[in-house]
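Peer 1: Dock chain Y against the given chain B, drawing on the hints supplied.
Each chain, written out:
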Amino acid sequence: MLNWLRELNNKLMGFYFIILFFIFWQVAPMVGWANPKFIPPLSKVLAAGWVLVQNGDLFIHIAVSLERVFIGLFIAIAAGLPLGFILGGWLPRVARYLAPLMNLCAQINTMTLLPLFLILFGVGEGGKYSIIFWAAFWPILFTTMAGVKQVDPSLIKSARVMGADGITVFFKVILPGAALQIFTGIRIGATMAFMLLIGAELLGANMGLGWLIRNAEDNWIIPRLFLGLLAIAVIGLIINYSLEWLEDTLITWREKTEETAD
Amino acid sequence: MHNGGTKILSQLKNYVLDNSSVILFFAAWELLPRYGILNKAIIPSFSAVVQKLYALAVQGELLGHMLISLQRAGIGFFLAAAIGIPAGFLLGGVFRTLEKMLLPFLRLLEKINPFALFPVFILIFGIGEGSKVSLIYWVSQWPIIFNTIMGTRGIDPLLIKTGRTMGASNIELFFKVILPAAMPGIFNGLKLGAQLSFIMVISAEMLGSSSGMGWLTKNAQETYKITQLFGATMFIAVLGLIINKIFRLIEARLLVWRESTFEEH
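These protein sequence lines are chains B and Y, in that order. Letter by letter, the first sequence follows residues 499 to 760 of this note's numbering. Letter by letter, the second sequence follows residues 21 to 285 of this note's numbering.
Same shape as in the complex, but just chain B (with noise of 0.2 Å):
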């Protein structure tokens, strides 16, 4: 029993400064401790927030931002993972050449780019998807790169010995062996993308979460400012969490064949 509780301590010890923190957040505005004015009790804000599910205002904002993420994600992974397949595969000379410049671009702040893309791709849509794609190319390219790199060349020898054509060799030997790589790449750069494409739409949007914020801050609707915090807060962890499970769902063979090779 003794043990079983310790047990339990243990797991929930990571919980419990969270659980006091959302506490604190509740009591500490109400006995005076924290202005309410400025920093609203939890409960307010979660009211606040009761009144946007209701309207459907706030899946509205949050369906907005997450279309950006996927539509721009979706062309950064369409780009990148052809061209880190080619470039770390097939042309390592040409990613040799082309390196010094790649590394550039990539060493460049997602965000002072924000009002170079604007201009040249509007201040609509096309800004938003264009500054998205940038901050999740780079990652899904290099670590495509280095994925292809790292997968021996004894397995695609061995399988071309055994009569694999080079579509099987692709997608039986150099795809499996790369995807933990292309994962970790992607789960970077959506997550890099979630987070710049809040930047965007607090610089210049008329809906989504970013925007939420910022117009509540405009009108001094409080409850609401620390709502749209709330949720950008939990979508971002839900996107990283789910990508991490997605990650340990469908790579675990690769675990299991080498603890068997062992």
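The reader is advised that the hints may include incorrect statements.
What the hints assert, rightly or not - Capping the alpha-carbon separation at 25 Å, the derived lysine-lysine pairs in DSS-like fashion look like this:
| hint | chain 1 | residue 1 | chain 2 | residue 2 |
| --- | --- | --- | --- | --- |
| 1 | Y | K131 | B | K509 |
| 2 | B | K509 | Y | K120 |
| 3 | Y | K131 | B | K542 |
| 4 | Y | K181 | Y | K196 |
| 5 | Y | K131 | Y | K211 |
For the record, the hints were derived by calculation from the structure and aren't laboratory data. As the structure is a computational prediction, the values presented were derived from the model and not from experiment.
Peer 2: Chain Y alone, transformed into the frame defined by chain B:
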């Protein structure tokens, strides 16, 4: 002398060959707008952008905004280091149970979107310097705290025990054993923190400010000063690259020092 000259020439040749893709990119940026293949009004040529930057620099405007941005980033970064390193030592070395309880919560806080936090910081700290510096501090403290915790936790307990049996006091132990052993981790945190503080100062200035490099870019976009927009963006990019480079150079020094101590033993 002549030999040295050819050596420099061959080094230059290698450098040009290695970076030919970058050079080609800048050449294309110069030539395509000039010959009308790209619209000059939307994408001004490289030389026009450099000229505009030079004009801004001569006016002193560029330097002024740069100093404002660097000052904000520097204050935020300094705060993050001054609070993050001691916090990391305490959590990683002294209060291990507290660390276990606090770490998931801190990881959660780290993941909160900084752009979404900015309006809240404005609410709490006002639209002046307070909100910008606190946002920079907030974002750059996480890698510093986490890397200091990692560095402190990763110290070989045998080293500490050996120090103790040799009669070292707590203070000696900290400065002679713990601090040098945790240094690579701390430095890594500082490097990431400095990069983040530069990113965040630009972002914060775009979102709400009337001065600094970020504002200069945002303002150029809003008033359609295209050449200035390209110039400011390029200038920020180069500044960011320089900051990265400085930290990489210091890190190389630090690693050499680390290896040499290992060689001595």
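Peer 1: Hint by hint, where does the structure go against what was stated? Just the numbers, ascending.
Peer 2: none
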